[in-house]
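Let the sequences and hints guide you as you build the complete structure.
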Amino acid sequence: MVTSTVLAPPRHYLNDGYGIKSWLLTRDHKRIALLYLASVTIFFFVGGAMAVLIRLDLATPVGDLVSDETYNKLFTMHGVMMVFFFLIPVIPTVLGNFLVPIMIGARDLAFPKINLLSWYIYVIGGLFTLYALVAGGVDTGWTFYTPFSTVSSTTNVIPTALGIFVTGFSSILTGLNFIVTIHRMRAPGMTWFRMPLFLWSTYATSLINVLATPVIAITVLLIAAERVFHFGFFDPRVGGDPVLFQHLFWFYSHPAVYIMVLPAMGVISELVAAGCRKPVFGYSFVAFASLAIAVLGFLVWGHHMFVAGESVYSALIFSILSFLVAIPSAVKVFNWTATMYKGAVSWETPMLYAYGFIGLFTIGGLTGLFLASIGVDVHVTDTYFVIAHFHYIMVGGTIMGYLGGLHYWWPKISGRLYNEGLAKLSAGIIFVGFNLTFFPQFVLGYLGMPRRYHAYPPDFQVLNVLSSAGASILGAGYLIPMVYLMWSLRYGRLAGSNPWGAVGLEWTTASPPPTENFTQTPLVSWEAYDYQPPVEGHVA
Amino acid sequence: MWSGTPLFPESASTMASRVDALYFFLLAVSVFFSLLIAGLIVFYAVRYRRRSPDAVGARIHGGMMLEITWTVVPFLITLVMFFWGASVYFAMARPPDETLNIYVVGKQWMWKFQHLDGQREINELHVPVGRDIKLITTSEDVIHDLFVPAFRVKADVIPGRYVNIWFRATKPGRYRLFCAEYCGTRHSGMTGDVIVMEPSDYQAWLSGGAPEGSLASAGAKLFQDLACNTCHRPDAQGRGPVLEGLFGRTVRLQSGEEITVDEAYVRESILNPAAKITAGFQPIMPTFQGLVTEEQLLELIEYVKSLKALPDARGPQRGTRVGVEAQTR
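Residue numbers (the working numbering), protein chains in the order written: chain A, 1 to 540; chain B, 1001 to 1329.
Be careful, since some hints might not be right.
[Said to hold, decoys possible] Pair by pair, the computed Cβ-Cβ distance ranges are:
hint, chain 1, residue 1, chain 2, residue 2, range
1, B, Arg1174, A, Val432, 34 to 42 Å
2, B, Ile1060, A, Arg227, 52 to 60 Å
3, B, Asp1262, A, Val432, 50 to 58 Å
4, A, Ala49, B, Glu1257, 53 to 61 Å
5, A, Gly232, B, Gln1224, 27 to 35 Å
6, B, Arg1174, A, Arg237, 30 to 38 Å
7, A, Ser314, B, Asp1262, 41 to 49 Å
Please keep in mind that the hints were generated in silico from the structure rather than gathered at the bench.
Cβ coordinates follow ideal geometry from the N, Cα and C atoms, glycine included.
Pasting the structure below:
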């Protein structure tokens, strides 16, 4: 085991200035990562509180906890906050911001000031959305389908739309920053194929961010314009087409699913490699699978409209393309699993999250095949089957990946170790709570329970009660890490530079790293995940 | 507590068993791969657990044969899913030639059904067992979605368009009908029942209602009230095209395009007459946007459909039974 022989230098990024200005005007990618960590966590808990209310209300079939209007606002705001303000930014802006420069041996991102600007834009967009919430909420669903959102709804559509519009620029700028950084700032010897797989997936995600986000910006702007000026883009009474909106919306929002899950896949590659102390099986296949997903992800949006009056032939095209995009995901799952073969497999917390991710993502991915298969999709679309499917991808995938990554890099970020026992316990609670919440929803969906229903037929109650019970367990599972991670900041044992015995540039510098990341620019002469048999340590 | 909890939906249409068969195939593939992956993870995690703190794994970088296998095999399996899913979908998307047509208008937050014989229902739909039923749907306001889980059919009900849904119920009973596209405050209250009846019971039910006469006859009255008949005359002397025998035919437009006269074209010609002018006519017809409701549009369409080409061109046959008609489309 590698112990840090040199004590961490007294000066690191956390104690390099204490005042409020040293944080709010920082250009250090690591501090900006922590600004993001705080803000996305707030949105996660606000969005989560709404999920709790939704599940409480659905414990009875008659919808007696909140009114129809309130229920509709709850699921809308839950979706808006979780998708645009948590799932999309979370891994790139927190883990990506912290790790991209360190993993390539750079001192910072290519544009540190733009990085800070991204955070401010995110916060401004978030404030618009919080304003919409406080001013009475919005009830269109996070999908803003027209003509309901343009003609019928009387709630705060415009502030919410503006919030999403503004936040989009934060995604674009962060994506741009990562692309330029990965192209231009790699340390000597850090070739593309020596990069950790997290960077490949971050790079693929950034491409989608830059190319797709402008489309959602225009789309929500059209909604706002149509509400104010009644142009009639989406109004059939004046020759508009309400389904046109769905094409524009999903042209971004389907790739957005990959914005959410690709970074998590990158995290899992890191966790599996470090957890097995072994190179990821089929490195280049995993790397190119990320790019394949990013490209194919742009060509499948029409599978959201199989029952929305789409022509039979476009439906067929979108169906086969949706099956194709499943292949690279399957390739990744097989490669991660094969990586464990003859590994030195760890049972520590990050690896538990990786096991959880692979299992849940597999189920999420396989149920996606049901939805790509049009004959079955017609029956299950717009039901709880879809809800269960995308929560397996986004909660079972993205959040498991994020939490796994947070636990893996926490010693690097904070310099401290958390309580391993509590961490394992909460990982187990999250896994059980998650499955209890969302598995019954597959059954409900095939039975025919539509999504976004405030009240439902009484014979669906038992499955709904199971789901609500699971949600309370899941909620508790998410609160426990908050407690022990905060606790570790003050009372945790010192981590040392490499507590996991992992390879990768981030483990060669101190924990927490100095502001400039490395005391001298690293020279990379080894492949990614270059685990050497134990002789005398393995630091290059 | 579990006794009243179904875990699988009822099957009450010819489509249900086809959808279920595909569903079980998908389920079998999913269960196999889930167990395979989960089994391998558990097995490897135990078998290769880290036995000493500084152990490292074997230096294995990959294997081309394995990569090809687990790319090609899933691809072939998904091809089966694709073709199977597409064939079920084709059957859903193409109504049979001979159908019993019923019009559906969705509005916030109710379903209105209009039978050709004139019966109107709200949130309840009576149909006979063993007949191919085609629902011709539209919406008065926002997008809705008509969903009958027991039949495994669903389609968005879109304002400004006519979307067809067809099914053949296989057993009498009462089945739930949901709105499956979020449509505002009382979305979850926009539900109803489909009541599938034996043919004799259905006939009895049909003869019980409809004081106003058939849909086409209501359309005929409206046609006069709106003075459509001053221009659309059966004798080809009017300023508008002759409507007799028009429905289902292909007409040439002024732009040179050809179009088949269907429900959507008749609707558009009433609401936005200048959009597609028949060759040889002037764009002089005023719009009826805002003057006719969605239901009145359906009556007018049904009236136009009922106008058969007559050799002596002496006006339409009034009062003919148009309950079942061949769809020429």
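Results of checking the hints against the structure:
1. B/Arg1174 <-> A/Val432: 34 to 42 Å: holds, 39 Å
2. B/Ile1060 <-> A/Arg227: 52 to 60 Å: Given range 52 to 60 Å: holds, Cβ gap about 58 Å.
3. B/Asp1262 <-> A/Val432: 50 to 58 Å: holds, 55 Å
4. A/Ala49 <-> B/Glu1257: 53 to 61 Å: holds, 56 Å
5. A/Gly232 <-> B/Gln1224: 27 to 35 Å: holds, 33 Å
6. B/Arg1174 <-> A/Arg237: 30 to 38 Å: Given a distance of about 36 Å, which is inside 30 to 38 Å, the answer is holds.
7. A/Ser314 <-> B/Asp1262: 41 to 49 Å: The hint (41 to 49 Å, Cβ to Cβ) is violated, given that A/Ser314 and B/Asp1262 are roughly 20 Å apart.
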